[in-house]
Structures are given as structure tokens and as C-alpha cells.
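Enquirer: Fit chain B to the given chain A structure using the hints.
As given, the protein sequences belong to chains A and B, one line each in that order.
Remember, the numbering used here sits 177 above the position in the first sequence when you count from 1.
Remember, the numbering used here sits 177 above the position in the second sequence when you count from 1.
Hint data in this document are derived by calculation from the structure and do not stem from the laboratory.
Worth double-checking, as some hints may not be accurate.
Each pair may be met inside one copy or between any two copies, as identical chains are not told apart.
Said to hold, decoys possible - Below, a list of computed lysine to aspartate or glutamate pairs in the DMTMM-like style, where the Cα atoms sit at most 25 Å apart:
#: 1; residue 1: 646; residue 2: 556
#: 2; residue 1: 689; residue 2: 653
#: 3; residue 1: 357; residue 2: 511
#: 4; residue 1: 200; residue 2: 559
#: 5; residue 1: 182; residue 2: 265
#: 6; residue 1: 689; residue 2: 515
#: 7; residue 1: 508; residue 2: 764
#: 8; residue 1: 182; residue 2: 584
#: 9; residue 1: 324; residue 2: 187
#: 10; residue 1: 666; residue 2: 760
#: 11; residue 1: 200; residue 2: 381
#: 12; residue 1: 508; residue 2: 564
Here's the letter readout for the chains.
2 protein chains.
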Amino acid sequence: MPVYKAPVEDTLFVLNDVLGIEKYNNLPGFADATPDMLDAIAGEAAKISEEVFFPLNLSGDQEGCTRRDDGSVTPPKGFKQAYDKYCEGGWSGLSVPEAFGGQGLPYVLHSAVGEYMSSANMALMMYPGLTNGAIAAILVHGSDAQKAAYLPNMVSGVWSGTMNLTEPHCGTDLGLLRTKAVPQPDGTYRISGQKIFISAGEHDMTENIIHLVLARIEGAPEGTKGISLFIVPKFVLDADGRPGTRNGVSCGAIERKMGIHGNATCVINHDEATGYLIGAENRGLAAMFVMMNEARLGVGLQGLAVSEAAYQSAAHYARERIQGRSLTGPKAPDRQADPIIVHADVRRTLLQIRAINEAGRAFLLYTALQSDIAHRSPDAAERQKAEDILSIMTPILKGVMTDRGFDNAVQAQQMFGGHGYIEENGMSQYVRDARIAMLYEGANGVQAMDLVGRKLAANGGRAVMATFKEIGDFCEENRADERLSSFTKALKKGLNDLQAATMWFMGNAMAKPDNAGAGATDYMHLFGLVVLGFMWGKSAKAARERLDAGDARNDFLNNKLVTARFFMERIMPETALRKARIETGADSVMALDAEAF
Amino acid sequence: MPVYKAPVEDTLFVLNDVLGIEKYNNLPGFADATPDMLDAIAGEAAKISEEVFFPLNLSGDQEGCTRRDDGSVTPPKGFKQAYDKYCEGGWSGLSVPEAFGGQGLPYVLHSAVGEYMSSANMALMMYPGLTNGAIAAILVHGSDAQKAAYLPNMVSGVWSGTMNLTEPHCGTDLGLLRTKAVPQPDGTYRISGQKIFISAGEHDMTENIIHLVLARIEGAPEGTKGISLFIVPKFVLDADGRPGTRNGVSCGAIERKMGIHGNATCVINHDEATGYLIGAENRGLAAMFVMMNEARLGVGLQGLAVSEAAYQSAAHYARERIQGRSLTGPKAPDRQADPIIVHADVRRTLLQIRAINEAGRAFLLYTALQSDIAHRSPDAAERQKAEDILSIMTPILKGVMTDRGFDNAVQAQQMFGGHGYIEENGMSQYVRDARIAMLYEGANGVQAMDLVGRKLAANGGRAVMATFKEIGDFCEENRADERLSSFTKALKKGLNDLQAATMWFMGNAMAKPDNAGAGATDYMHLFGLVVLGFMWGKSAKAARERLDAGDARNDFLNNKLVTARFFMERIMPETALRKARIETGADSVMALDAEAF
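One chain only, chain A, in its complex shape (with noise of 0.2 Å):
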């Protein structure tokens, strides 16, 4: 059976030793934010992470939900009080502005906390998520109108919400979506249209759900500049602004896939549903990308998550099952073998899941902390700076931290041998739950694209050269410390792979944009690679600063230590075969006919 503790020292360590979070404790949210508090509040997320969600995961798995005749859904046993203790800890609300009946805390804590939850059991923690896309898109785009109609109860979790985008025939492509909005004289429409993979979608969790659909209003303009964005809630509110009417959508059927089992994703119909435009007309998409980013830090996270807890139970699984003996002689020589981990071929997996977890947990809240900064910070160039920053990393963040998620679910699952393919053993749930990361909110050659094409060359290259900026220093400022000179050395190294890729870029793509293309998914991952490094970097100087200090978290410190080598020696080299293939272009991968696939 899997276990689950969530890593609440290791949390504080990056919150509080490597990202200093004190150091912003002049943004709104932040004064809070004190080491006490953080310990206080990573304390109650890991309780109800560890009792609450995680001993409903492997059950909701196999259980899966359940569509009625007449259109009703019903999650999993036990996810309804869940979710309700959830709402009730106040979880749901935590970083929305207090105006709207939120907490005011930081995006970065609401990350830190994410993660345990969506590690003890992904599916469950959608629900809540896919609210939380929702309500940044009315933050964002709403009139003071529908703020004040929707938000108090989706905040409060009372009210749910959905992002309804996908058509059976369009995803990437937004632009060839039909569903269809009709004006009305009252200056309503009505939405008519099948969209799919609608995560959350329908169940009986909240008393109402909160659709935000994209649909093109009658004579619009073709393609991604005619697309207008949609409130859609399943009940219409009434007079007194509770859940009243249903509306002219329902779920059509509940996909059967690989994973999340335990998420109701849908096939929704809108037929003539009343819907309310939200931002201005044809606009939509700039509206939807609000939720999206917000979402691809979201599944970013899930990719950390899913690899935390896979590493936790293969980790134990590894101290328990004995078999064999170590190559250096019996280690336990009173039992019949010793536990695999003696074996170093199982620590190096291990090492290899863990170095990507921890350095993954900073990159997340490193992340969220720009997105802090830029949203909250009083002065305009930080806020532009953090911005870039995020900017940059929200398709990094989600593509690689997904990409190696899954992997590290796998090999996770390969220390259990044959018992890894056991359903009841629950690795198999993890590779299959982490699957579905690599796909959704844009998969992952999206993200890649959306890097190479549009990110790195925005703004003359702003972004790029300021993230590059942050970590050329870093290199430079701890050069002289003997200490640090190996990380810092292999960091640097990666640094220049990675500028010399980007260099690359410059000089080839423009005149032969699929150059981009062939390289784009591997400089996403060189990308990865060096913003971990990076993260590897600042967190050993951090456990060098700590121990020089006294700290009494030392065997925790000198582990931090012994894992940065392990990433730095085993997995920053990466950078220079990505630089190699990168360099080689699209010659060969565009010289195919099609029909000759």
C-alpha cells in the first residue's frame, strides 16, 4: 500500500532559507508570512492532505464516478467530505484578495500547500482547481457585477467552476471551435455547443457550477479573433442571486480514461444555455489565458506531486522488501536478504526522482512567488521583472516538471518489480494519474512551442536575458566560494549550453522557422535543466549557509548537499546533449514525405 507524509521541512527549507520570504514581507499578503505562520499553515495542509485525501485516493481510483440516466454525477465515496472540510479549513480561498472573502495569503503559500494535496490525491484536488482558474478569469475580467454574483461562493468552495474550451474537433487550435452564442434582447446569449475533456464538470459536490465557455458570438469574425468568453453557471441565479433555474447544460457522458478516475471529466452540452459574456466581445481568448496560466502552474505542480508521493512509497517499499544481497556483503545479516535499497543501482533511482522533486519544489514556488511579485509588488520594474521571469517559466514549469513527473512515476513503480503493475499496489495509479499532465492545459510540445515561438523573442528578448541575468550572477557572486565552486561550475556550464542554444535560435530560425520546431521540445528541456540547476545552486548554498550557522536540521542540510551533487554529476550533463541536438536542425526530421510515416 502506498504511504504519504507531506515534506513540510523541505517546503520551509526553500520558503524560508532559499527564497528568503521574509525579504517580501512588504507586499500585501506577505506580513503574515512568518516562519511560525508558514509552519502553522503547512502543518494543517499536510494534516488533512495525509488524513483526509490521501486514504481516499487508491479507493476513488478504482471506485471512478458515476453518470446517471438522467445526466447527474456522482465522485467518488468520501470525496464530498473531503472537499467540505476542505472548504471549511478555508483552503479554497486562501490567496484570493479578502475583498472577495479570501485570505490575502501568497499565491506562493497556496502552491506550497497544493502540493500536498494534489500528492495525497490529485483527482480530489481538481475540483477545488479548476475553481481556482475560474475565479483568477472573473478576478481578472469580470465586470463588478459578476464579481459580486459569483465570487463569494466559489470562493467559499460553495460554488464550483469549470473551464469549458475543447471541442470534439479543436484543442490546440482554438480557433476552429463552433459553439455558438446567440444575443439576446436582455442582453444574455444563448450557448449552444458540445465541448469535451471538461474536468469537473458535473457532480454533486457544490450547489452550483460555474462554466466559463468559450463560444464565437453569431457573426463574428472566423478563427481565434472572433472567440468570446461565457459565464455559464448550471443553475441560473435568481433574484436573490442563489442557484436558481437549471440551465440548458449537462454532461453527456464521463470519458472513460488512463487516470484521475476520481474526476468527473465530461462531455458538457450547451443546448440554448443562457450564458453571461464576460471581458469584451471577441476578447475571449486573452480572458481564457488568464485561467490557463494559472492552470499551467497548476498542472506544473500536479507533474511535483504525483513524483513526490511515487517517491515516497518506492522509497519505503525500497527499506521493506528484502531480496538479495548487497554487492559489499550481507547488511542485514540476520534476515534471509537484505532490503533493496542496499543495492546502488535503487539508490540511484531514488536519487534521481528526489534530486528533480526537491530542485522541482523550488522551481514551483520560485514561480509563484513572480507571480506574486507581479501581481502584488508596489514597485513597477520589479512587477515587470517578476513578470518576464513568469513569463518564461510558466511553460517550463508545466512541459518539464510533467515530462520528468511522469518519469519519475515510472521508475518509482519500477522499484516495485512485478508488484509495481498491481492495481492494488497503487504505483500504477501514480503513472497513470501523472499521464494525463503531460496532455492537458496545452500538450507539452505546445508548451515548447509556445517557449521558442513566442516567449523567448517577446520584447526583444527581455524575458530571456533577465532570467539568464539571475543566474549568470548567481554563478559569478559564489564563484570564489570553494565550497559551492562545484555547483556553481556545472551550473555555469549548463548556463552557457543553454545560451549557446538560444544563440542558436537567433542565428538559424528565422530564416527557417522549423529549425525552432525540431529543437523547440529540447530546449525546453535545456531550459528545465538549468533553472533546476539553478535551484540545486541556490538551495546548497543555502544548506552551507545553514550548517555554517549551527542549524540543527543537520542531517536534513548535509542530505541537501549530498542530493545537489548527485543532480549536479548525474543530471546537469543533459544540458550538452540537448545543446547537440538542437544544433543539428530540421534537415533530417522535415526531409520525410508525410505518407512516408
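Expert: Then chain B, alone, in the frame of chain A:
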């Protein structure tokens, strides 16, 4: 919906042009393997695979196997009829000696057609696949009476076979096994104990099931030196050699697995079952390894087979699915969007899979050919060299082709975006089915340790030196050919990395065995890359020669050269990374306390 066509043209290219199978027509069974005959047999295998096996693949996954309260098991609908056609076609005994009812054809041909059948329906092919392993063990270790009693009906497929090795507490470490065998006055044994993960363990497709069971004779030594192998038929043969009394062997449960749902993976309970010793007392492990080595080649084949099937569906989808526009302007201006195969990132993904599959097919058949030579050559030196190479290639084929096959299935699924996650589209099944191949018949970490810890040093490194020489000679012989030099140069660089890593082990693993363990998996993959590169070198040479000869397969051969180039540019350079990791040794890997994981 998935699509599948057997890659007959490529198989024939490998057999005829790359491996030059005609050169071996002095070996028993090979005289019949003329190009025309190979073409005809491959065509028939393609037919049954595409028309009989493939239509049952998805339905078999969705339906699974059914166990009733009496312990009887029924495979998915249609499996029995398909299996009967397989037997009627003579496929079950294709390479078994004619003396036992087989056709005596080359094993390499058995592997070639086995790929198609496993691509088309891996779960179904496992029923006869397990029988093959049991046949091999009886052929090598059985008495004449046992061969006469069991082989003809197993070869014809009227009876099937299984391997009963694993117990709940032991898999890799068979020395721990507890199933006991009590000698009886009549020379038989009473077998009692529980076995798990028994593929094709119980079903109603054949008239009898011949279990080959590892057990410990009462009073035998502890550990692996006290293990014997037994024949335990489901129905004990009567005086006429026909299935008679039901034996004390039964299916206690069907495992709930991640994939291969169509195969009945059983808990098998032996309750004073009648067993017959096969081979010598306490020498069961040696007999078991005959099955195991055969099975490992079969599992490597599965890695390739699923990867090929997944590739074909992904390529088909990429040509059909329209979404977005090419970076270089619309390629299908008359449609609303371009097919996604216009995107360089999509092509890169497909070529990555294809470059592994085509080289993997050559690797599989090259290895199977070594098995033929080792067993059939009249020349002792030739037999030994082939046996040496086979011993090296077996763990590499199993470990590398299943790791890469799984990764490829995941990448093929990725081409479908969110649709890849929906079970109806079949890509999830490929991923879930491919996953088991990394785990069973020795998890891939065990393959890596077998290679590094056993095969490398055996007979003073004779086998590995023979392998290096063969690849080195190829590079040397073709160095002067300008049109091949880009391939041989890249291959030679990979070989240098492999030789350097081998030297590193020689110098560093004796004093510190964990250095070998910490590098084992990277070494296996490094070796695999060089072997795949060797296959591409040979394939490119063959393609060039055929083109020069004015061969009519112009497009096919030119596409070979493009794919060879892609491999050398994008995949081969990974050897440097693998070598660098190996050379970092075990220090950081072994530094943490077990409790710190």
C-alpha cells in the same frame, strides 16, 4: 481507433539485405528460408496478425479475463478462436525441431513473425509465448520420455505451458522460495505452495496446461542451490498419455493489473499437486534459465512490438488530425487547418520512435540469428562466438528495447493530445501493456546488473571483446566510404564511449563494487545505443548498396538513409552522457543513510 499493418518490407530488408540470411543456408532449417519463402511466411503472419489478432486487442483490454468461483478462467471473447487459427496455421511450432512436430525453421523467423503478432495483440500472444519457454526447457532438460509425453501436444498448441517461478515474497531472489516438493515412492513429487504473477496461468483455451514449477525438495539446501524444476500438468496424463485426473493446481485469483488485461495473470495454488522432476535434483535454476533466456528475448520483442504498433497509430493520427498551421505557411490551404504532421516537433517525435523501432527490429533479428547459429552451426568456434554475443545481447535487448519501447509508446500517445488519454482511442493500452515488459522476466535493473556483474567479466571478457571487435571492424571496413563515413564516425564515437566506460568499470568496480551498481543502468543503455547504432550502420550500408544496384525500393531505401542520419545526429550522442554519469561513480549514490530516503 488504432491502426496496424505488419512492417513486412522492413523485416525482409533486415533479413535479406542487412543480415544476409542466405549466407547461413548451411544451417539446419535455413535452406528453406529463401527470399520467396520468407516473403510468403511474413505475408501469412501479417494476415493473421492484422485480420485475426488485431481486431481483438482493444476489446480484450476492455473485457479482461473472467475467473469463476470454481477457479476456472475464460479469456476475452474471441481469444480462443484466434488462438485456434494460430495453431492451425502451424505458428506454434515454427522453429521447433521437426522430430517433435515443429517445422524446424529458423528461430530468427519465429522472432520476425512474433513481432507482428505481439504488435497486433500482446496479451493474446503471451499464451503461446509462455508455451515456447516451457518447450525450450523440456527440449533441453527433459528426459526422452518427458519429451515424448509433452512436446508434441505443446508444439501443436493443443496444450499450453507456463513458468511458475515467483512467490509473494520472492521474485528476483529465487533463493528465498518456499514451494516444497515431497518425494513419493513412485518417483513423483507432491508440490505445495503459492505462486503469483503466472501469465497464462489458467484458461480454457487448451486441453491441458503444463506448468513448469520451481520448488524445493524436502531436505534440500537453502538458497538457490536447493531449487528443482518440476512439470506439473493441470491434468495428470492417463495411461494413454491423455489429460486424465485434475491435478491439485488451481487459480486462486486473477491479478488486477495495469495492462495486458487479456492475459490471465494468475495466483496459482499448488496443493499436493503431482509433479515430475525435470533435469537433475537441485539444478532447477539452470533449467529455469533456459526458459528465462528465451523469455527475455521474447520480452525485448514485446518492447519493439508495442512501440511499432503505437508508432503506426500516431503517424496515422498525425496525418489525419488537422489543427493549427505550419510555421512556414499553410500546407493544406483548402482546409481549415493543416494536419499536425507538418510540425517539426511532431515529426521529430515520430522519427525518434521510428529510428529506435527500425534499428530495434534489426537488433532483435540479429540476436535471434545468434541463437540460431549457437544452436545449429556445425562449427564449434562459430557456435561459441554466437553464444558469446547472444549472452551479451540478451539483457541489452530485454532492458533497452523495453525501456525504449515504453518511452516510445508514451511519445506516440502524446501525439494524440488529450485524445490519447481516452481508452477508446487505444493509445493508453499500448502504454499500459508496454509497461510490464520493463518489469517482468527480471526487472530492467536486474538486466543491467546481469550485464555488468556477470556477462562483462565472463571468460575473461571474451564475449564483450568479440562484440566490440565486430562493431569496430565494421567501422574500420567502411571508414573509407565517404557516403557512409558520417554514420561510421558517429558509431565509432559511441563505441569509444562504450569502451572507455568498460575500462572504467575494470579499473573501479573491483575495489568498489557499488561503482558497478551505480553505473549499471547507464551502461546497459550505453551499450544498447552502440548496438542500435551498429544496426543503423549496417542498414545504411545495405541501403546504399541496394540503391547503387538500382534496386526498385527507391523510396524505402532513401528513407532508411534519412532515418539513419536522424539516429546518428539525435540519438547516438547520448552515449557521452551515459559515459559521464558512469564515471561519476557511486560516492553520492551511496552517501545517504537508508532512513534518509
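Enquirer: It remains to establish, for every hint, whether it holds in the given structure.
Expert: For each hint, the structure was consulted:
no.: 1; hint: 646 - 556; result: within (20 Å within a copy, 67 Å between copies)
no.: 2; hint: 689 - 653; result: neither (35 Å within a copy, 36 Å between copies)
no.: 3; hint: 357 - 511; result: between (72 Å within a copy, 23 Å between copies)
no.: 4; hint: 200 - 559; result: within (13 Å within a copy, 73 Å between copies)
no.: 5; hint: 182 - 265; result: within (22 Å within a copy, 56 Å between copies)
no.: 6; hint: 689 - 515; result: between (57 Å within a copy, 18 Å between copies)
no.: 7; hint: 508 - 764; result: between (54 Å within a copy, 18 Å between copies)
no.: 8; hint: 182 - 584; result: within (21 Å within a copy, 30 Å between copies)
no.: 9; hint: 324 - 187; result: neither (37 Å within a copy, 62 Å between copies)
no.: 10; hint: 666 - 760; result: both (23 Å within a copy, 18 Å between copies)
no.: 11; hint: 200 - 381; result: neither (43 Å within a copy, 70 Å between copies)
no.: 12; hint: 508 - 564; result: neither (52 Å within a copy, 36 Å between copies)
Violated hints for the displayed structure, listed by number in ascending order: 2, 9, 11, 12.
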